[in-house]
Structures are given as structure tokens and as C-alpha cells.
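Enquirer: One line per chain: the protein sequences are X and Y, in this order.
So the first sequence is numbered by my numbering: it starts at 1 and just counts up by one.
So the second sequence is numbered by my numbering: it starts at 1 and just counts up by one.
Please note: incorrect hints may appear among the correct ones.
Stated by the list, open to error - DEER-style ranges, computed between Cβ atoms:
| hint | chain 1 | residue 1 | chain 2 | residue 2 | range |
| --- | --- | --- | --- | --- | --- |
| 1 | Y | Ala-332 | X | Ser-242 | 49 to 55 Å |
| 2 | Y | Ala-26 | X | Arg-423 | 50 to 56 Å |
| 3 | X | Val-594 | Y | Arg-12 | 30 to 36 Å |
| 4 | Y | Ala-332 | X | Lys-225 | 51 to 57 Å |
| 5 | Y | Thr-218 | X | Arg-423 | 35 to 41 Å |
| 6 | Y | Gln-169 | X | Ala-549 | 56 to 62 Å |
| 7 | Y | Ala-332 | X | Arg-9 | 51 to 57 Å |
| 8 | X | Gly-511 | Y | Met-1 | 39 to 45 Å |
| 9 | X | Ser-242 | Y | Gly-329 | 36 to 42 Å |
| 10 | X | Ala-485 | Y | Lys-479 | 39 to 45 Å |
| 11 | Y | Lys-479 | X | Gln-334 | 40 to 46 Å |
| 12 | Y | Thr-66 | X | Val-594 | 51 to 57 Å |
Derived by calculation from the structure, the hints in this document are not laboratory data.
Please read these numbers as outputs of a predicted model, since none were measured by experiment.
The C-beta atom is built at its ideal place from N, Cα and C for all residues, glycine as well.
This is what each chain is made of:
There are 2 protein chains.
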Amino acid sequence: MPHYAPPLRDTRFVLDHIVRLQDHAALPGFDQVAPDLVDAVLEGGGQMAAEVLFPLNQIGDRQGCTRQSDGSVITPDGFKSAYDRYIAGGWTTLDCPEAYGGQGLPRVLSTAIGEYVLSANQAFEMYPGLTGGAIAAILVKGSDAQKATYLPNMIAGKWSGTMNLTEPQCGTDLGLIRTRAEPQPDGSHRLTGGKIFISAGEHDLTENIIHLVLARTTGAPDGVKGISLFIVPKFLVNPDGSLGARNAVSCGAIEHKMGINGNATCQMNYDGATGWLVGEENKGLAAMFIMMNAARLAVGLQGLSQAEIAYQNALSYAKERQQGRALTGPAAPQEKADPLIVHPDVRRMLMEAKALTEGLRALCLWGVLQVDLAEKAATEAERQAADDLISLLTPVIKGYGTDKGFDVAVSCQQIWGGHGYIRDNGMEQFVRDARIAQIYEGTNGVQAMDLVGRKLAMNGGRAIRAFFAMVDGEAAAAKADPALADLAGRLEKANGELKAATMWLMQHAMGNPNHAGAAATAYLHLMGIVTVGLMWLRMAMAASRLLAAGEGDRSFLEAKLLTARFYGERIMPDAGALRRKLEAGADSVMAMPVDAF
Amino acid sequence: MPHYAPPLRDTRFVLDHIVRLQDHAALPGFDQVAPDLVDAVLEGGGQMAAEVLFPLNQIGDRQGCTRQSDGSVITPDGFKSAYDRYIAGGWTTLDCPEAYGGQGLPRVLSTAIGEYVLSANQAFEMYPGLTGGAIAAILVKGSDAQKATYLPNMIAGKWSGTMNLTEPQCGTDLGLIRTRAEPQPDGSHRLTGGKIFISAGEHDLTENIIHLVLARTTGAPDGVKGISLFIVPKFLVNPDGSLGARNAVSCGAIEHKMGINGNATCQMNYDGATGWLVGEENKGLAAMFIMMNAARLAVGLQGLSQAEIAYQNALSYAKERQQGRALTGPAAPQEKADPLIVHPDVRRMLMEAKALTEGLRALCLWGVLQVDLAEKAATEAERQAADDLISLLTPVIKGYGTDKGFDVAVSCQQIWGGHGYIRDNGMEQFVRDARIAQIYEGTNGVQAMDLVGRKLAMNGGRAIRAFFAMVDGEAAAAKADPALADLAGRLEKANGELKAATMWLMQHAMGNPNHAGAAATAYLHLMGIVTVGLMWLRMAMAASRLLAAGEGDRSFLEAKLLTARFYGERIMPDAGALRRKLEAGADSVMAMPVDAF
Numbered sequence: 001m002p003h004y005a006p007p008l009r010d011t012r013f014v015l016d017h018i019v020r021l022q023d024h025a026a027l028p029g030f031d032q033v034a035p036d037l038v039d040a041v042l043e044g045g046g047q048m049a050a051e052v053l054f055p056l057n058q059i060g061d062r063q064g065c066t067r068q069s070d071g072s073v074i075t076p077d078g079f080k081s082a083y084d085r086y087i088a089g090g091w092t093t094l095d096c097p098e099a100y101g102g103q104g105l106p107r108v109l110s111t112a113i114g115e116y117v118l119s120a121n122q123a124f125e126m127y128p129g130l131t132g133g134a135i136a137a138i139l140v141k142g143s144d145a146q147k148a149t150y151l152p153n154m155i156a157g158k159w160s161g162t163m164n165l166t167e168p169q170c171g172t173d174l175g176l177i178r179t180r181a182e183p184q185p186d187g188s189h190r191l192t193g194g195k196i197f198i199s200a201g202e203h204d205l206t207e208n209i210i211h212l213v214l215a216r217t218t219g220a221p222d223g224v225k226g227i228s229l230f231i232v233p234k235f236l237v238n239p240d241g242s243l244g245a246r247n248a249v250s251c252g253a254i255e256h257k258m259g260i261n262g263n264a265t266c267q268m269n270y271d272g273a274t275g276w277l278v279g280e281e282n283k284g285l286a287a288m289f290i291m292m293n294a295a296r297l298a299v300g301l302q303g304l305s306q307a308e309i310a311y312q313n314a315l316s317y318a319k320e321r322q323q324g325r326a327l328t329g330p331a332a333p334q335e336k337a338d339p340l341i342v343h344p345d346v347r348r349m350l351m352e353a354k355a356l357t358e359g360l361r362a363l364c365l366w367g368v369l370q371v372d373l374a375e376k377a378a379t380e381a382e383r384q385a386a387d388d389l390i391s392l393l394t395p396v397i398k399g400y401g402t403d404k405g406f407d408v409a410v411s412c413q414q415i416w417g418g419h420g421y422i423r424d425n426g427m428e429q430f431v432r433d434a435r436i437a438q439i440y441e442g443t444n445g446v447q448a449m450d451l452v453g454r455k456l457a458m459n460g461g462r463a464i465r466a467f468f469a470m471v472d473g474e475a476a477a478a479k480a481d482p483a484l485a486d487l488a489g490r491l492e493k494a495n496g497e498l499k500a501a502t503m504w505l506m507q508h509a510m511g512n513p514n515h516a517g518a519a520a521t522a523y524l525h526l527m528g529i530v531t532v533g534l535m536w537l538r539m540a541m542a543a544s545r546l547l548a549a550g551e552g553d554r555s556f557l558e559a560k561l562l563t564a565r566f567y568g569e570r571i572m573p574d575a576g577a578l579r580r581k582l583e584a585g586a587d588s589v590m591a592m593p594v595d596a597f
Numbered sequence: 001m002p003h004y005a006p007p008l009r010d011t012r013f014v015l016d017h018i019v020r021l022q023d024h025a026a027l028p029g030f031d032q033v034a035p036d037l038v039d040a041v042l043e044g045g046g047q048m049a050a051e052v053l054f055p056l057n058q059i060g061d062r063q064g065c066t067r068q069s070d071g072s073v074i075t076p077d078g079f080k081s082a083y084d085r086y087i088a089g090g091w092t093t094l095d096c097p098e099a100y101g102g103q104g105l106p107r108v109l110s111t112a113i114g115e116y117v118l119s120a121n122q123a124f125e126m127y128p129g130l131t132g133g134a135i136a137a138i139l140v141k142g143s144d145a146q147k148a149t150y151l152p153n154m155i156a157g158k159w160s161g162t163m164n165l166t167e168p169q170c171g172t173d174l175g176l177i178r179t180r181a182e183p184q185p186d187g188s189h190r191l192t193g194g195k196i197f198i199s200a201g202e203h204d205l206t207e208n209i210i211h212l213v214l215a216r217t218t219g220a221p222d223g224v225k226g227i228s229l230f231i232v233p234k235f236l237v238n239p240d241g242s243l244g245a246r247n248a249v250s251c252g253a254i255e256h257k258m259g260i261n262g263n264a265t266c267q268m269n270y271d272g273a274t275g276w277l278v279g280e281e282n283k284g285l286a287a288m289f290i291m292m293n294a295a296r297l298a299v300g301l302q303g304l305s306q307a308e309i310a311y312q313n314a315l316s317y318a319k320e321r322q323q324g325r326a327l328t329g330p331a332a333p334q335e336k337a338d339p340l341i342v343h344p345d346v347r348r349m350l351m352e353a354k355a356l357t358e359g360l361r362a363l364c365l366w367g368v369l370q371v372d373l374a375e376k377a378a379t380e381a382e383r384q385a386a387d388d389l390i391s392l393l394t395p396v397i398k399g400y401g402t403d404k405g406f407d408v409a410v411s412c413q414q415i416w417g418g419h420g421y422i423r424d425n426g427m428e429q430f431v432r433d434a435r436i437a438q439i440y441e442g443t444n445g446v447q448a449m450d451l452v453g454r455k456l457a458m459n460g461g462r463a464i465r466a467f468f469a470m471v472d473g474e475a476a477a478a479k480a481d482p483a484l485a486d487l488a489g490r491l492e493k494a495n496g497e498l499k500a501a502t503m504w505l506m507q508h509a510m511g512n513p514n515h516a517g518a519a520a521t522a523y524l525h526l527m528g529i530v531t532v533g534l535m536w537l538r539m540a541m542a543a544s545r546l547l548a549a550g551e552g553d554r555s556f557l558e559a560k561l562l563t564a565r566f567y568g569e570r571i572m573p574d575a576g577a578l579r580r581k582l583e584a585g586a587d588s589v590m591a592m593p594v595d596a597f
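Extracted from the complex, chain X is given alone in its bound form (with noise of 0.2 Å):
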């Protein structure tokens, strides 16, 4: 049986000393926060997480969801009492508008906790999670009517909320969406189609759903230009806000799926549902991509997550099966053999996972300070800065978090050895879990076009201007510590090699796109090692400091240079060779004629 404890520790390491959570006490939220509302709710949530919604992980896998022949969808044993704690302690809430009965509270605290909850169980992490983008497009987009009918009920969590752009003919390839939109006289649209792979599209867990639809309306030009964005409720909503009529939208199939079970992936039917337009007609895909950057930000945290879970899991059973004997002579000589925590190549295993996960922790929490601080910094110059800083890291965040989540969680089943292969035993469902991360909210093929294709051009190229400023500034600083010197070093390697790569792709990419197409996930992939360095050199600028100081815990300090020596040593120098891939250009990637492969 697996085990799961929030890393609380780990998480307050950021929030102190890279989030810095006091340097922004003066901002609307962050104001609320003192240090001892940031460890009640940390605790609070990493409890939640491990004792009421841990214990049915495995369940959910298991059983799955199941749909009954009326279309209504089952979620597995425990799941719906799980959920009802969950809204009753507030955990919906936390970031949410006060006007709606959201606590305000800033997006990182949010995310900390999401972190626990999605390594505690992704898959009904994935029911709140969904309702957290609808919020966000109705937020952001949404008349002052549907604001006030519909995210009262969706922040409390007692209804749910879903993103609905599938279909079996398009999923990157938005463009394509064939599902129609038929204005009525009471200003109402009639959707019809039919749509695929909706998380949470339907279940037992709330008395309504909130989908938000893409869709085409009567008359609508080709392509994206001519997608609408619908709210389509399960049940209408009366004048009164008490529920109406059930709409004509129905699950037609759920799907069996590599992992995440416990989330009713649903084939949606719309036969004639009202649906009512949010924002703009034919602007659907501006609203459909806020809801769509928050997704691939949680979505990297998903990376994490199950990186995190997987990495305790390997770590227990490192320390506590013995098998073989050190190199370097017996450790345990009074036992028949040592643990495998001896054996350099085990060890290696669990310090990349201890320096991706830790390292991907700073990212994401640093990096949805971001979105906070775009909305809410003092300075128009500090907005922009963040927002320009974020736009350019989602696909980042999401890409290399993901791939490396599935990485880690894959290395961590690895040191289980065949226990790792057998089901009970937990591994290997977050493996599974894991790898679905990777494909969905755009593939990470998808997250790395939109770096190299879209986020590095943005404004003439300012928010990577601003990157390499950043890691290359914060590098030579460093360097005047003896204790940072190396990782220092390093790191205004790998940025020269990034800034190269991006030299490359300007002098080469205009010619021909196809080079930036064949560069994209590799440069994905540098800027991931790049931007995770960074983070490693302010933890271990932070623990060095601490150290100096003699604050903190010693041996926690300690552990976080080891680590990031480790990072700078053993992940840092694929930069470099990911640089020579892509340098490499488009030729023969596409050079095969088709029938030819």
C-alpha cells in the first residue's frame, strides 16, 4: 500500500524564499496571509489531502466511474462523501472572489494546496480542478447575470464546472469544431453536436454542472474565427436560482482510459440544449484560452504531483528493502544485506526525482505568483512584467513539468524493481496517472509550438529579453558566493546555450518555419533546464544565506545545496546537447517522403 504526506516543509521553503511571500503583504489577498494563516491552511489542506482523499486514490483506479443506462454517471465508492467534506472545509473557495464567496486568498496558497490534492488523488482533484477554469472564463467574460447565477453555487463547489472543446474530429485543431449554436427569441442558443473527452462531464459529486461549450453559431465564418462560447447548464436555473428544468445535454459513453479512472472521462450529447453566448459572439477562443492558460498551469502541477507522491513511495521503500551490499562494504553487517539507499545508481534515481520535484515545486508556485502579480502589482510596470513572465513560462510549465512528473514517476516505479510492475503495490498507477498530463490541455508537441511559434515573439521578443536577463543577472551575482560559484556557472552555460538556440531560431526560423517546428521541444526542453536551474539557484542562494546566518534547520539546508549540486551537475548538462538537436535544423526531420517512413 502506498503512503502520501504533504510535503509542508518543502512548501513553505518556497513560499518564504522564492515566492517571498512577505515582500507582496501589501497586495489585495496577500494582506490576509500572515505566517500563521499560511502553516494553518497548509496544514489544514495536506491534511484533507492525505487522510479523507488519499485512502480512495487506489479505489478510484479500480472501480472507475460507471454510467447507467439513464446516462447518469457513478463515481467510485467514497468519492462523493470525499466531496462534500471538501466543500464543507472550504477548499473550493480559497482563491476565489470574496464577492462570490471566495476567500481571496492568493492563487499560490491555492496551489500549494492543489499540489497536495492532486498527488493525493488526481483524479478527483480533477472535479473542483474543471470548475476552477469555468470560473475563471465566467470571471472573466461573463455578464454581470451570470456571474451572479452561476459562480456563487460553482465557488462553493456545489455545482461543478467543465470545459467542453473535443470533438472526435478535432481536438489541437480547434478550427474544426462542427458543434452549431441556433439563436432563439429570448436571446438563448440551441446547441447541437456532440463532444468527447470531457473530464467530470457528468457524475454524482453536484446538484448541477456548468458547461462551457465551444461552439458555432448560425452563419459563423470557418475556423476559429467563427467559435462562440456557450454556458449550457445541466438543469436550468430559475429566475429564483433554484434549479429548472433538466437541459437537453446527456452523456452518452464514458471512456476507458490508460489511468485516472476515478474521473469520468465523458462523450457529451447536445441535442437542442439552451446554452447562453458568454462574451463576444465569434470570440470564444480568447475566452476559451483563459480558462485554457489556467488548466496548463495546473496541469504542470499535475507533473509534480504525481512526482511527488511517486518520489515518497520510491524513498520508503529505498530505505527499507535490502538487497545487495554497498560498494564500498557492508553498511548494515548485521543484516543479511543493506538497503538499497546504498547503491549509487538507486540514489541517483531519487536525487533527480528530489531535484526535479523540488525544483518544479519553486517553478509553479513562483510562477503563479506571476498570475497574481499581473493582476494585482502596484505598478503597471510589475504587471506587465508578470503577465509578460507568465505567458512566457505556461507552456513551460506545463510541458516540462509534465514530461519530467512522468519521468520521475517512472524512475521512482523503477526502484521498486517487478514490486513497482504489480498493481496493488501503487507504483504504477502514478505512472499511469501521470502520463495523461502530457497529452491533454494541448500535447506538450502543442505547448512547445506555442513557445517557440507564439510566446517568444510576443511584443518583439521582450518577455525572453526580460528571461535572459533575469537568470544571467541573478547568475553573476551568485557567483561571489563560493558555495554558489559552481551552480552559478553552470547556469550562465545553459542560458548561453538557450540564448544560442534563440539566436539560432531567429536567423533560421523566419526562412523556413519548419525549423522552429522541429526545434520546438527541444528548446522546450532547454528552457525547462534553464528556467528549473534558476529556481535551484535561488533555493540554494536562500540556503546559503540561512546557513551563514545560522537560521533555519541545518540539515534541511544542507540537503537543499546537496541538491542543487546534483542539479547542476547531473541534469544541467543535456542543455547543451539539446541546443546540437535542434542546431541541427529541419532537414532530415522532414526530409522522408511520406510513403517512404
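Take the given structure of chain X and dock chain Y to it, following the hints.
Expert: Quick look at chain Y alone, frame taken from chain X:
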């Protein structure tokens, strides 16, 4: 629904130009294989795999095996009749000695067929596959009477075989084995103990199951020096060869696993079962390594096999699925979207899959040729050179082959987007099935330690020196051909990284063996890159020569050159990064105190 077609033309290319069957035509077994026979065997085996075994692959995954209350195990629907057809076709006999009813063909031929069978249905292949390992051990270590008693029926496939090594407290560390064997007055032993993870330990495909079991005789020394190998048949065999009493060995449970569900992974109970010593007492480990070395090559082939079928299904999807537009403008303007294969990042994944799969095929078949040559080559020098080479390469074929096989399966699933995560589409099964090959028959970390800790130092480094000379010699010779010069230069460079890494190990690991342990996996991957690079240089040389001579299918040969170029540009750059990682040494891997993780 996935599909599968045996890659006959690619196999034939490797047999003709890498294995070069014709060069060995004077050797026993090889003298039987006229080109027509090769084609007939490949076509027949491929047809059996595609038409009989592949249709059962998803069924086997869904149904799994069932243990009944009497301890018997039922394989999935169709496995029994498919197995009957498999043995009726003589597919278990190909490379077995004619003295016991085999066909005496070269192992390269049975391995080529083995790839098809594994691609079509890995879980099925493991029933006859494990038998092959047991046959190998009995052939080398068994008495004449044991050979006569067991081999004919095992080779014919009427009886199957197993390898019983693992116990709950020991997987890698066989010194911890507890199963006891008490000598009996009639020369037999009574075996008592429990084994786990016994593939094909119990099933309904064969009349008898011949278990090869590691156990300790009464009073045997501790550790691996006290382990002996026993034959323990499910049914005792009467002197006339008929089946006698049921032996006291039974299946106590079957495991529920991540994949290979069609194969029964059994907990086996030995309750005073009658067994017979194979070879010398306390020399069981050596006997076991005969099975194990054969099994490791077979498992390397599993990596290739899952990569191949995943690639075939990713390729067809990339050609059919229409999504988005080529970056250079619509490729199919009459359609609403272009096929996925226009996208550079999709092509990158396909090219990686193609380069690794074809490269690994060459490596697996050329590797197995060395097993044949080690046994049959004309001179002692040739036999020794071949034995050196395959000893050195076995961990590379197993470790690199299965790591890359898994990576390719994951990438090919990625090409399917969300549809790759859905069970019925089949892609996720390839990933789950491929995963086990990195774990069993010695985890890939164990392979890496075998390479670095044992194989490099064999006979004063004779094997690795010969390997370096071979690679450098061929790279130098190939540079004369302008079509090959770039790849040859890259191979020479990668070999230089490998030589430098080897030198680093020689200088550092003697003083601190943890440097070897911390370097092992990176070293294995570096050697994998060089070895598959050598295969690509040879394939490119053959293609270049045939093109110059105007022989062969131009498009097929040009595709080989393009894929070789891709391998050089996009896969070989990792060599330098791997060297830098391992030369960072063990310090940052070993320094973390256990409690600080």
C-alpha cells in the same frame, strides 16, 4: 483497433547487410539457410504472428489469466488454440538442436521471428519464450538422461519451462534465496519454499511444465555460493516418458500487473516437491546465468518489438488523422486540415521511433549472431571474439534496448493525442507491456552495473578495447564516402566520448567504486548510442553501396540514409552530455544523508 504487419523487408535488409548470413554459410545451421528458406521462414513466422497471435493481444490484456480454486490457471480466450497452432507450425523448434527434434537453424533466424511474435503478443510469446531459456540451461548443464527426458517435449512445445529465481525477500540479490532442497535416498531432492514473479508458472497451454528452480541444499554455504539448480516438473515423468504423479508444486496466486496481462505471473509454492539437481551442487548461479543471458537478449528484443508495433500504429495515425496545417502552407488544401505527419514535431517523434527501432533491430540480430559465432565459428579466435563481444553487449542490448523501446512506445502514444490514452485504441497497452522489459531479468540498473562493474574489466579489458578499435576502424574507413562522412565523424566523436568515459572510470572507480555505480546508467546509455550508431553506419554504408550500384529499391535505401542522418544529428548529441554527467562522479549522488532525503 491497432494493426500489425511484420517488417519483413527491414529484417531482410539486416540479415543481408548487417548479419550477412551469406558470409557464414559454411557454418553448421547456416548451411541450411538459402535465401529462399529465409524468406519462407520470415513470411511464415510473420503471418503466424500477425494473423494468429496479434488478434489475441488486446483480448489477453483485457481478460488476463484466471487462477481457479484448485490452483490451475486459465489463459485468455484463444491462447490455447493459438498455442496449438504455434507448436504445430514448428515455431518452437527453429534454433534447437536436431538431436532433440529441433531444426538446428541459426539463432538469428529464430530471433527475427521472435521479434514478430513479441510485437504481435508479448504476453503470449513469454510462454514459449521462457521455455527457451530452460532448454538452454538443460542443454548446457543437464545430464544426458535429463536431456533425453525433457528436451524433446520441451522443444516440441508439448511441455513448457520456467525460471524460478525470485523470492519475496530477494530479486536482484540471489544470495538471499531460502528455498531448501533436501537430498533423498533415490538421488532426488525435496524442495520446499516459495517463489514469486514466475512468468508462465502455471497455465493450460501444455501437458507439463518443467520448472528450473534455484534452491539451497541442506548445509549449503550462505550467499550465492550455496545455490543449486533443480528441475522440478509439474508432473513427474515415468521412465517410459509418460506423465506420472502430480508433483508438490502449485500456483498459490497470480499477480495483477500493469501489463503483460495475458501471461500468468505466478506465486509458486514448493511443498516438498521432487526435484533433480542440474549440474553441480552449489554451482546453480552459473547454470542460471545460461538462462539469464539468453533471457536478457530476448528481453532486449522486447524493447524493439513494442517500439515497432507502437511505431506502425503511430505512423498510420499520423498519415490519416487530419489536424492543423503545415507551417509552410496547406499540404492538402482540398481538405479541412492536413494530416498530422506534416507537423515537424510529429515527424521528429516518428523519426526517433524509426531510427531507434531499425537501429535496435540491427543490434539485436547482429548481437545474436555473435551467440551463434561464439559456438560455431571456424576458429578459436573468432569464437572468442564473438563471445567477448556478446558478453560486453548483452547488458547494452537489454538495458538500452528496453529503455529506448519504452521511450518510443511513449512517444508513439503521444502522437495519438488524447486518443492514445483510451484503452480500445491499443497504444497505451504497448506502453504498459514495454514497461516490464526495463525491470525483469535484472533491472536496467543491474544491467548497467554488469556492464561497468564486470564486463569492462573482463580479461583485462580485452572486449572493450576490441570494441573501440572496431568502431574507430569502421568510422575511419567510412569517412572516404562523402555520403557517410558526417555520420562517420559523429560516430568517431561519440566513440571518443565513450573512450574518455571509460578512461575516467579506470582512473577513478578503483579508488572509489561508487564512481562506477554512479556512472553506470549514463555509461550504458552512452555505449548504446555508440553501438546503435555503428549499426546505422553499417546500414548507411550498405545503402550507399547499393544505390551506387543501382541495386535494390531506391526509395527504401534513400530512407535508410535519411534515417541514419537523423540518428547522427538528433540522437548522437546525447553522448557528450552523458559523459559529462558521469564524469561529475559519485559525490553529489552519495553525499546526501539518508535522513535528509
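Enquirer: Per the hint of 39 to 45 Å, is the separation of the Cβ atoms of Gly-511 of chain X and Met-1 of chain Y within bounds?
Expert: holds, 42 Å
Enquirer: Does the Cβ distance between Gln-169 of chain Y and Ala-549 of chain X fall inside 56 to 62 Å?
Expert: violated, 47 Å
Enquirer: Within 36 to 42 Å or not, the Cβ separation of Ser-242 of chain X and Gly-329 of chain Y?
Expert: violated, 54 Å
Enquirer: Is 35 to 41 Å respected by the C-beta to C-beta distance linking Thr-218 of chain Y and Arg-423 of chain X?
Expert: holds, 38 Å
Enquirer: 49 to 55 Å was suggested as the range; check whether the CB atoms of Ala-332 of chain Y and Ser-242 of chain X agree with it.
Expert: At 51 Å between Cβs, range holds.
Enquirer: Can the suggested window of 51 to 57 Å be confirmed for the beta-carbon pair Thr-66 of chain Y and Val-594 of chain X?
Expert: At 44 Å between Cβs, range violated.
Enquirer: Using the C-beta atoms of Val-594 of chain X and Arg-12 of chain Y, is the stated range 30 to 36 Å upheld?
Expert: violated, 23 Å
Enquirer: Return holds or violated for the Cβ distance of Ala-26 of chain Y and Arg-423 of chain X against the range 50 to 56 Å.
Expert: holds, 52 Å
Enquirer: Taking the beta carbons of Ala-332 of chain Y and Arg-9 of chain X, is their distance inside 51 to 57 Å?
Expert: holds, 55 Å
Enquirer: Could you tell me whether the CB distance from Lys-479 of chain Y to Gln-334 of chain X stays inside 40 to 46 Å?
Expert: Given a distance of about 59 Å, which is not inside 40 to 46 Å, the answer is violated.
Enquirer: Can you let me know if the beta-carbon spacing of Ala-485 of chain X and Lys-479 of chain Y is within 39 to 45 Å?
Expert: holds, 41 Å
Enquirer: Given a hint of 51 to 57 Å, does the C-beta separation of Ala-332 of chain Y and Lys-225 of chain X actually sit inside it?
Expert: Violated, since Ala-332 of chain Y and Lys-225 of chain X (Cβ atoms, about 21 Å apart) do not stay within the stated range.
Checked against the numbered hints given earlier, the structure breaks hints 3, 4, 6, 9, 11, 12 and satisfies all the rest.
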